[in-house]
Every structure is written in C-alpha cells, then in structure tokens.
Amino acid sequence: MARKRGRGVAACWYGIARTATVDRAGAWAEIDDGGTVKILTGVTEIGEGILTVLAQIAAHEIGVKPADVTLGDNDTARSPEAAHAGATRQTYMIGNCVAIAARQAREKLVEVIADHWDVAASTIETANGEIWAAGTNHRISMGEAVRICKAKGVVPLGSGSFGTDTTGLDPIDGAGRPWQAYVFGCQVAEVEVDTITGEVQVLGIWAAHDVGRAVNPRGVEGQIEGGIVQALGQGLMEDYKLDQGRTSTSGFAKYILPTALDVPHVTSIIIEDPDPIGPLGVKGIGEPAMIPTIPAVMNAIYDAVGVRITSLPATPEKVLDAIKEKEKSHTRRNIPAVAAE
Amino acid sequence: MPELRIEATINGRKVARPAKPHLRLLDFLRDDLELTGTKEGCGAGECGTCSVFVDGVLMKSCLVPVAKAQGTRIETVEALANSGELSILQKAFHKAGASQCGYCIPGMVMAATAAIRSNPFAGREEIKERLGGNICRCTGYQKIIDAVEMARDVQNGKLSASVFAEDEPEDGAFIGANVRRIDAPSKVAGALKYAGDMVMPHMLHVQVLRSPHAHARVVSIDVSEAEAMDGVEGVITSADVPGEDGFGVFVHDQPIMARGKVRYIGEAVAAVAAEDVLTAKRALAKIKVVYEPLPAVFDPDEAMQPGAPVLHDYAPDNITKHIPIRVGDVTKGFAASELIVEQTYSTQAIEHAYLEPEAGLGYVDADGVVTIISPSQNITHHREMLSKIIAQPISKVRFIMSPVGGGFGGKEDMIYQGMLALLAMKTRRPVRLVFTREESIISTAKRHPSRTTLKMGLSKDGRIRAFEMRMISDGGAYGMSTEGVMRKAAILAAGPYAIANVKIDTYGIYTNNTPSGAFRSFGALQAQFATESHLDICAEKLGLDPFEIRRINAMRDGATTHTKQKLKSVSILRALEAAEKASDWEKGAPVSRGETRSDHATQGIRPPCALGARFEAPAAAERSEVA
Chain A
1467 MARKRGRGVA ACWYGIARTA TVDRAGAWAE IDDGGTVKIL TGVTEIGEGI LTVLAQIAAH
1527 EIGVKPADVT LGDNDTARSP EAAHAGATRQ TYMIGNCVAI AARQAREKLV EVIADHWDVA
1587 ASTIETANGE IWAAGTNHRI SMGEAVRICK AKGVVPLGSG SFGTDTTGLD PIDGAGRPWQ
1647 AYVFGCQVAE VEVDTITGEV QVLGIWAAHD VGRAVNPRGV EGQIEGGIVQ ALGQGLMEDY
1707 KLDQGRTSTS GFAKYILPTA LDVPHVTSII IEDPDPIGPL GVKGIGEPAM IPTIPAVMNA
1767 IYDAVGVRIT SLPATPEKVL DAIKEKEKSH TRRNIPAVAA E
Chain B
565 MPELRIEATI NGRKVARPAK PHLRLLDFLR DDLELTGTKE GCGAGECGTC SVFVDGVLMK
625 SCLVPVAKAQ GTRIETVEAL ANSGELSILQ KAFHKAGASQ CGYCIPGMVM AATAAIRSNP
685 FAGREEIKER LGGNICRCTG YQKIIDAVEM ARDVQNGKLS ASVFAEDEPE DGAFIGANVR
745 RIDAPSKVAG ALKYAGDMVM PHMLHVQVLR SPHAHARVVS IDVSEAEAMD GVEGVITSAD
805 VPGEDGFGVF VHDQPIMARG KVRYIGEAVA AVAAEDVLTA KRALAKIKVV YEPLPAVFDP
865 DEAMQPGAPV LHDYAPDNIT KHIPIRVGDV TKGFAASELI VEQTYSTQAI EHAYLEPEAG
925 LGYVDADGVV TIISPSQNIT HHREMLSKII AQPISKVRFI MSPVGGGFGG KEDMIYQGML
985 ALLAMKTRRP VRLVFTREES IISTAKRHPS RTTLKMGLSK DGRIRAFEMR MISDGGAYGM
1045 STEGVMRKAA ILAAGPYAIA NVKIDTYGIY TNNTPSGAFR SFGALQAQFA TESHLDICAE
1105 KLGLDPFEIR RINAMRDGAT THTKQKLKSV SILRALEAAE KASDWEKGAP VSRGETRSDH
1165 ATQGIRPPCA LGARFEAPAA AERSEVA
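First to last, the sequence lines map onto chains A and B.
Residues in the first sequence are numbered consecutively from 1467, following my numbering.
Residues in the second sequence are numbered consecutively from 565, following my numbering.
Hint data in this document are derived by calculation from the structure and do not stem from the laboratory.
A portion of the hints provided could be inaccurate.
Simulated restraints on C-beta separations [stated by the list, open to error]: (1) A/S1607 with B/K584: 55 to 65 Å; (2) A/G1629 with B/D717: 39 to 49 Å; (3) B/P765 with A/K1707: 49 to 59 Å; (4) B/K845 with A/D1787: 37 to 47 Å; (5) B/S910 with A/A1543: 58 to 68 Å.
Derived list of chain B stretches under chain A, where covered just means 3 residues or more per stretch with a C-beta under 8 Å from a C-beta of chain A [what the hints assert, rightly or not]: (6) 953–967; (7) 1046–1053.
Calculated cross-link-like contacts (lysine-lysine; reagent style BS3-like; alpha-carbon spacing at most 27 Å) [to be verified]: (8) A/K1470 with B/K1145; (9) B/K1019 with A/K1792; (10) B/K825 with A/K1707; (11) B/K632 with B/K845; (12) B/K1019 with A/K1784; (13) B/K1019 with B/K896; (14) B/K896 with A/K1792; (15) B/K952 with B/K896; (16) A/K1504 with B/K757.
Heads up, the beta-carbon is just placed ideally off N, CA and C, and yes, glycines get one too.
Only chain B is shown next, with the shape it has when bound in the complex:
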C-alpha cells in the first residue's frame, strides 16, 4: 500500500509525515501523533467524541479520511489550553461540574467552543442545538449547558472571571461544600489517559473472533493458518486456558472464549495478537471454525417450558435465579380488598452506551506478575477470578483500574481481560485490545428486559392489602449479574410501602440472547416502574391524589420491610413532601386531568423543542445592543 505524505498545521505546529492511506484523521491524530485527547466513541459520526477543528470548522474526525487533512489547519482539544492555562470554556466546565466520566468531554468542549465562536451571544436553546451532535451519557447535559452559558457570559463581560474560583469554606468544613472536581482539569484538557489511549513499548494489538451463531456446538477450531501469518504473534482459544475456565459476577458460567459451544451472537471464540490491528483482523479471517447449529431459544417464557433448548447443563430448566419474597397471606389480603387491579408491564433491553468502549492492556511484568489495566468496575473480584482461570496465585495477578469512561454496571463483567492475560502470557509482550462500538454493543451485557404481572388489592381508604408480583427477566446467554438483579428487583418491588401481605417472585432466565447484566438501578427500575404506574391506576379508581395514596401506604420510622428487616429512620414522607412542594403540585386524583389542571409550571421547565426554530433572533439583537 503506497503511503501518503501529510503536510498540515496541527495545533499551531507544522507537521509533515507519512501516513497510511486507509487511516481516518482520528487515527492519524491518536496513533501517529499521540494526540489522544480526541477520543473515539462510535466511529460513525454519531457521538461527537472525536470532534476537532479543520480550518476552523467543527468536524468529526472519524469521518475524515486522513488525505483530506492535507494542507489544512487542525486544532484538537490539546490546542485549547496550549499555554498551560485552561480556556474560559474549560474553566467553566470545571466550575460547573460539567464533566463526570470525562470521555465525551474533549469533544463536548470542542463543540461548545464552536458554539460560542459561531455565536458569542447564543441563548440556552441555541447552545443545546449546537451541542446536539455530541452525546454525553453521564451528566444529563444540564451542567454542560450551564457551563457554556457561564463561559459565554464571562467572555462577554457579563460575569466576572472570579466566578470560576473555588468555594472554600473558612471553617475548613469541606463536607457539604461544592468543591470543584479534582479530576476535571485533566478531562476538559483531554490530558487524562483512558485504557485505549495508553501504549506500551513493543505492544501487540488484539482482535477477537466472535460467534455468528446464537447457539451452536463448536466442532473444531483450526488456527494454524492464522498463526503462520507474518506479524501474528499469538492466537488463543479455550484450549489455551490453563485453569478453571469460568467467570461471572455470581455464577462462574462463562468461559473466557467459547468452550465446546457458543451461546450468543457475539460471544468470543478466539483471539489474535499481532503487530498491528489490521494484521490481527486479517488473521481472524484465517481462523477456521466448524459450527454445528443447535436449536436456540430467544424468549424467556419459552425457555422455561419443558423440552426447551438447554443452555447450561447445571440449569436444565434454564432458570438462572428465582427469588421469592413472602409476607403474610396474599389470598386473605385480596379477600379483604375492595379494589383489585391486575396489569402487566414490560421493559426492553437497553445498552449502557458509555462513551468509552471497552479497552485494556495486559502484560507480564519483570517479576512474572500478570497485569491487566482496564476500566474494570471490580478489580478485586476480577483478580480473584483471573487467578483461578490462569492457575496462578493471587500474588501473581494484578489489576489496575484505568479511568472509566462511563460504566453504569456494564464494566463489571470480566469479558475481555482474560484474553489479554492469556495473550500476554503466550507472547510475553504487552497486548492491547480496544473494542469498536459495534463490538461493545453486541458482546456486552444489557439491562434485563422484563415482563411483570402485578396484582394489587386495596381497601377504599387507599391502603394496599395485598401485593402480588411475578417478574420474568431475560438474562440472556450467561449469568453475569442476573442473580443479583433478580434479588434487588424482588426486595424492592413493592416500593417503600407498608404492606401486610406480599408475594413476589422474580425469575432470571437463560436464553440465547445477548446476556443481560448489571445496569444502574439493577432490577429495581423494572419492578418499581410497574408498582409506581400501578399506584396511579389504583389512585384513579379510588379518587385519591397520587401523593395521598403514596403517603397513606408509606413506611414510617421503625417500619418493617418486606424482607422483615426493621428500619430506623425512613425518609419517604420527607421526599414526597419535598417533591410536592417544589413542583407546586395541584391536588387531585390522576383522572387524566392534564388539560384542566392549573399547576403547569412556568419555571423549572424548558421550552418544548421545535425543530429549526432554535437559532434565535434575540441573539442578533443583543449583539447589536452590545456593539
């Protein structure tokens, strides 16, 4: 492949160097120039983490072929604080608390810089529109928008730059103070290295072969042709695992790579370490896997039927976990009820969509310690599992948790660190694996989809007399966090309400779908969605205000929970009162009274979004006023 020679001005410096023609500008900046402040989030121009300026225009560098950089002037996030001092906008992000995991932040800072360069008087709605091409998964955007407004006002002299200063309590009482985030400067400047930004001398690049089948027996894997390729330093399959090949947050039912059979599309089957990513990818195509497709099951209700395909021998009924909760006698409770309402609810699988796709490095250090650097949400447990998998004592296994570019539970599963360890051991060289967005989506855990039947019995005064819930959750192909998710769903399903008769059953079921796992709020979200919807249905039928029905049933201090635990202080009544007061709630039964209610907010809301009408004229008027 003939190389290009790229001559461009990058962050004010002339650069003239060869580049491979297949590179994107993003690769050229990150890999060739080591400007890793520019991040890759999706590789498809959808998320904005790779935003840079090309000749002053905001562009997504993942969509720009490197040849297009020829003769241009490029600015990356590293240029903004070139003098060593953060820009006004970066200071505002720091002050406002606009960065959390920080992975989207360099791109967001670039987009925000473009926004106030384009219109130094942009209003809040216009700022939102101008940031619309950049995704943030942590912050909810509010503090980002606050930061841009703050920077705009400081830049325009409406606000003093002293607004950026730290709040320092004179008495040294820092608990309760709005101390600026100590990690923010490194994030807004693009200086912080996530695992995918890290390089080690002599490092190899890893790619993973994944299953195209939802359920199949692996008849044979032939890696000889891949192994023989120039630049390939190691190929591994389950045959390379020296110890007990199983991991999982609760049940260790998942092998590092498919062992005997594959159970979902996207499951790792083999992995290659090569001198560069392209060679590793080409080697994957040379691995010959013979599969024998097996009947698969994709619906948890069907998976529970006798005769359904079985995923794991240890669970012939495909039940990963069933959690029962029993209090009192629901039959008597329903008999004593004056209103009984039954309804089914369902929730879908969703993706964590942290902006940082999975990435990690593995190496064996001079003392023979197998070391993994990755954004793992549980290095303690991963160390313990890996030590068994590679049959080494704990003292020979080390996990370093790199800054996590968003986790939300999705990085609790040790789905790739085992491959890094095995390849580092096999090649005796450092290895690095960086997932693509597609790889991250197809192979990592999702939030459990659920189907819930909820039956509630109440007396006319609004007291819940009986609560019966059955939740079926699709746990997918491996256990991951399913057991814990079912437990938390069950314990919290009936809400913060004192109920004498409770019957709850949650079931996590194996299917050949993408595995479900830990996801922020861990089953409680699915269960309480049902319960809190149901309470409104019941309140309407009883003519009760929705706050009132919750207050009537709320646990009080000293309450006993549905797991028969005695609580000390219970703050639900305070929370209800605070939300009711802050929202200026107008009392009334939830009878679909939207049109007639008089408490629609005039403050504390945003204007509804009308597309195309957000680049407002007032900004121009203001500009002439200032001029």
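Chain A extracted, bound-state conformation:
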C-alpha cells in the first residue's frame, strides 16, 4: 500500500513570562461614567487576543460587561509599562495587573456605595453592570453608582503592578529560579505517509495543554491550533535557505508555508492547573502550543514507515530517501539470511 498511517506522541514544558530575570508590568483602571470601565496599559494586540482577555478580566472583576470596557493601550507616553508582547507573558503579567487594578477601583466604588446605603462593604455585590447589597432592596446600575460616587467627590481608580519572584542562573551550573509559573502539555499526531512520493500529511492532532485558567477557551484553542500549524510548517516544509549568506527563499513563491489544505484537524483539551501565585490563577499558552507537534509528527512518521527523521524539515524528498535507504539496508541484511538457509 502506498499510503501508510502512523501515530506518535510528544510532551512539553515551558516557563511563563520573561526568563531568569524579574518580570514586571503595570496597569491602571477607572470605573467611568455610565458604569463603563477604562483600562490603561502599554501593550496592544499582536493577534493573541489580549485585548479581549483584559476586557473579560476587568468586566469579571468589576462587575460590568466586556463591551463596557475601553482599553487605552500601546503608548509609552500615555500608559504604564506593560513591557514586551512575547514570552507567553501577556495573560499572566498584564492580566494579573488588570485584575489587581480593577479590584482596587471596585473597592473604592464599593466603599462609597456601602457608606451611602449604610451597609457593610462586604455585603455589596456587582455583576453585569449592576451593584446591590445582598439581603436588602438596594440595587442600582453601575452607572448610577459612579454618579453617586463622583457626587461625593471620589473618582474610583485603581492601579496594579505585578512582578515575578525569579532569579538569574548561576553561570557555572545554571541553578536558579527562571520562572514562577510552568505549563505542561502533550500532543498525539496521526499522519499518513505516501511511500511513493514521501509526502507526509498530518491528519489529526490531539493537544492537551495546561494553561492555568482559561480566560477565553476559544482563544486558547486558537493559540493551540495556530501554534500547531506553525510547527507543522517547520516540521514538514519551511526552510530559509542560505548559500554564502545569500538566501534563495526571499519570497513566498520559494518559501513554502502551510495553507488551509495542509492543516490537520486539531482537538484541543484545555487543562486548568491554576497558578498558585498570581491573583487570577492564569498561566499561558502562546509558545508551548507548538513544542510537542514536531516530535509527535516525527514519531508518527516512524510509526508509519519505520524511518526516523532527525533533521528538519521532513520534506517528501528526505522522507523518500530515508524509506529507500531503509529498504536497501533491509535487502542487504536479508541476503546472508537467505544464503544461510
């Protein structure tokens, strides 16, 4: 049969936020007129969904809807330091900052309203744009609560700073605390290898990843699916070629990328093992999602056709050569066995 199926597995681990240095970030929050919320922080979207995540966190913590949250972001002269958009740190670092800032702003508002109603602050609850005192008839909109608060001369503001308890590495043996949050994952790949052309098609990936706490599960799936396909590109086709420092792959006609026709069906399994340190329990997913894919696929190719690809990418030519090499060595081994009979 020309097409052979195989399955393989690989695991991974990863650290969240900057490595072997103290990471930190900040955010400001204001509960604004009309019961809206303004969040300020120094990053913007690079596609991972951070703005939605921050809006959800602020809405959840303050008791409004995400649509009521305005994000002022991305400007070193106008917003607190959020530092870089990378290192799988956004949800962890900025998310936790926004939670701290939002809780503080809410506390200010709650204090004033509790005093206004003459109830204990601990009885006050907020959700979906409403604020009420449990066990009483007091219930008003957040917009009304902000009006009352401001009429008493208080603007409900909060600020959040979040830093990590981490260290550099010892220069001799590498000892140190590079991260305070770790994530773990595992993927199974199912492939089909065409033994005539050497082409590998990845048909399915089952991806289980710990993210701490999923703020937006669909967004987490998006990160897992996208990471897997990037890894698949590196595993099977992408190759930035250089000869004497000059590339022959300077455009997309020569630098081959995965398209909709190349991608496997991905089944994501989200595991939530909350981070015990940060206020939200969140960790991250952006980078670790792509780590197990390549070895899982290479292990699956071995399962399918018995060749071990140790040099990426596993192009059809390389896989085919390996299959031929294996057949040759089989034949060679078989000759004396036959002769001995």
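Following the hints, put chain B in place on chain A, whose structure we already have.
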C-alpha cells in the same frame, strides 16, 4: 511619465481620476483611494491579503496593473459591510474567533465570500481548496474554515442567525466565557489601520540601502549625489547617529546602520527620505558605497574554530552566549545505565512570515518628542534604547505600538525604528517606511538553526539515569535574542522529567548569516524536538509504550527542576493522560507498528488531501435537494 485616467465603479461608486501607469491596482486602491482594507502581504500573488473582486471575480490586486481596472466594477473588503452592518460571513468570522492578528483577514474574507458565492453548498474540503490561495500565519485555519461553514449554514437557513450572538454568562463570570474578540469587527471589515496603512500630512517616504556583502569593510559612503536629487529631503548613514549606536534584545551589538563594516547580506547601510517611494528608490541607486570584502564564515562550527573570521571585537571566539546546566554527575549516570543512546538532530532556519511586513512612522511632535509608531513587540525597551542612540532623555522619546499583523518574536528587534527617528529629526517631517516582503525576509531575524547531540542513559525500567546535550545554534550576524534563546533552550532541554544527572550546553554563535532571533517557543522547540524524538527511540529499545516512558520519568508535584528550582504543582501527568484518552491511544512500544495498530482515528481527523478531487459532487446533489 504620461498619466492614465481610470474610470471604474469601486464599491458601488463611480471613480474617475488620473493614475500613474506603473501602479498596481493594489496601490491605486490603497494609496490613491485610501481603501486600506486591502493589504499588501507579498506583492507576488502568493499570500492573498490583497484579494478583491474585479467584475465579480476574485483577484489578487497586486498582480493587476491599474490600467486593467479601466471600465471594471471593483469590490473591496470595505464594500461587504457597506451599510454599516457586517455581512453574514464577517459575523461568522467574529463569532468563530477566526481572526487573530487580522492582517490576512480582509483577503481571507474576500476569498471566503467568493467561495460561498461560487458554491453556496460547498463542503468543508471544498472550502479549504477555495481558500488555498490565502495564507494565514496565526490561526491554523481551523476557525476560519469553521466560520465559513457557519456562514454557509446561516445563509442556507440551516442555522439560525442567533448563532452569532454573544455568550453572556448570567452571573457575570466573564473569565472562562467565550466572549467574541473585541478587535474582530474592525479586522473583518478591513477598518483597522496597521502602521503601513497610516498616513500623516506632509509625510515623506523612506527606503533603505542594504548590504550586498556578507562581510565587508565599509571604506566610504558618498551620499552627495542622492542628497542633491529633487524630492530627496534627507539621507542618513551611521555618521548621523548622535548617541551610543547599538541595539539588541540582550547585547547592544547592532548599529542602526552599518558602522565600519557590514556583517550580513541585507544589513542596512543608509536610508533616504523623499517625497515619494519611487524617488527614494532612485536616490538609493545614487549612493556610492565602497566595500572591501572580508573573509566570511557561514557555519557555526567553523566559526568556533581558532583563526575563523571574527564578527565582533568583543567576542573574539564568535560565541554570543554559552549556557551550561549541571546536575549530579553524568559520568556516574551513564555508568549506571543499561541502555545508552546517542543521536544527533538538526533544525533549520525558518522565517516568521507574519503577513504584515515591517512598517512604521516617525515624527517629531510640537514638544520636540521623537515619536515612533510601529508594530514593535517591545515599546518599553525600544524607547530606552532609542533614547541612548539619539542622545535624548526618555521623556523626549515616545513609542506607540500599532496593531501588530503577526509577530511571533520577529518584531522584538528594533531594526528600523532608529532610521525613522533619525530621518524625522533630520527632515523635521513625518516619515514612513514600509518593507517589501523580500526586504522583510532578508533583513529580519530567523529561528535559530541548531545542531544537537543528545546522549541519554536509561535503566531497563525506563528511568533516565543521565542526560547530556550539546546544542550549537547559528545566531547569525548580530546578537538579537540569541542569549535568551540559548538560556531557554538549556533550561527546558531535558523536558519535564526528573533526571538526577544532567549536563547541558547550549551555544549561540556569530556567523555572517541572516541574524537569528526571537521566534515563538524560543529555543525550547529545537531542544525538545531532540529530547522527545530520543525518548521514542529509547522506548522502542526498551519495549515501553511512549506514554509509559514519559510517565515513568515525569516530574511530580514538588519536583526539583534541572536548575534546582522546587516546583509546586506539576501538571505533566494530567496532560499525558488527557492526550492519551482523547486520542484513544492503543498501548504498545513504538516499534513502527503503524500498519498493525487498531487506533487510527475515524473522528478528529481530516481526510487526506487528494488534489483535484475536492470540488465534490455531493454539493450539487444537495443543491438540487434544496431546490
């Protein structure tokens, strides 16, 4: 050059205006009509970000000369939500989470619109085929395909339009809810402005002269002829840098433009700001650079040999960074092992290939603040570095992070923002630079290519007794993120496994290749590719199931890592169990048993792709059924 007069119907409105004949339809739409929803991703018809309808036919506008637009009816992404309401397909993209960075999305939405216009009953495989000319680097396509199927079903009445509504938890617990992305409507409508879509009044256009040599001394640069050209407002070289000329994520070893010598092909040497891009390009040809080629080195192993060409004076051995990890005693560990397996692995350089090529604007504001708008992944660090480079206090430097059309680590390096600052300071006018795809590929960081030797010793029961890895990575001409990549590779190389004896060395090496830098998963991918492949090789020799060998060695709660850090909760066992269960894995040693195993999936996979067989007949059958 005589101008053309283009008369066409664009998004339902008659347009009659002159156009320069060298323009592509893409330029005409974006620059002349300011319809920037149509994006440029590659300029070669390969990526589909510039897709539009010309007389109802999906076309890549980068391949259409503007003269061909004469008398046609053109629809761009802006036409789809013309009434102010998103189309069914755009709503489906919003609901399904089909957009991430969003840069490919206008083109993808156009291609998807074409797909369900062409066949309103297209099946999943046919949809994939019809989207095959559009590249997305973020999503992995799955949610895009889901969105098209959702839109198709709503359009055909199989699914209620209420499916597009927001999930709103009644208790206000929005953490954990599938809230639709708040940035999606602006992305599916093509309304969001990326840096390359932004214009400022009185703006100049920047082009960059790049090195044709991998390693050469810059003997002289003469910009006088370029400077004297009509329309040229400023030319800069390293001589225009007033402060400490160095940037980098870890080591500040890279000048804004080549200083004294060039170290890779594509390195910036000079830059021009002119009234238009064409004039700036012509001015580049007038800059005279005299180079004296130097011996170059392209292989990291050769670069480590004594006598190899040296790239940077501070690193005479060409070692950018070496990270060692030591636990226990590997010699004793190997002696106690019953199986020792050694294998080499290698990984290649790859390109981030974000669909948005680098772009940025620079200007000096009324208060004298040098301001840069760009899709930078680290505005805080860039501000600090630029303030030193232009010798201004932090308060006089401002970075604004524009929406990033894909980053993946590739936009952490400040490789062009310095030129924008210097040209804005020199010309006192706003300046804009937009990279071509080729420029982006040759001049920006790649994933570190690596060569790894891994030796593992195990006892018969599958326990890893010793782990020894040496990884050599090609860091290319500048440090960029190499130090951090080597660190992360080393820390994570041995995987989530409790191993008493570990020896890991990762080396990042300077060569005259395109620099390597940050790339999603940052060294951990290269190292764990080796380790996770190796575990299967060992499992086969020991007759162990691959999940079992990982479980035997997995760190438990309270484990101590290879950097001697004590962990609290460790979830690897949960991840192994979840993947094993979800994939319905059949236990057994990895002995190349593909043909005999009985757990090949019937669900959770896609059908293998057979070219030419994807425009399926069932769609036609369904159509007659509905009719």
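Which numbered hints turn out to be false for this structure? Failing hints, ascending: 3, 5, 14, 15.
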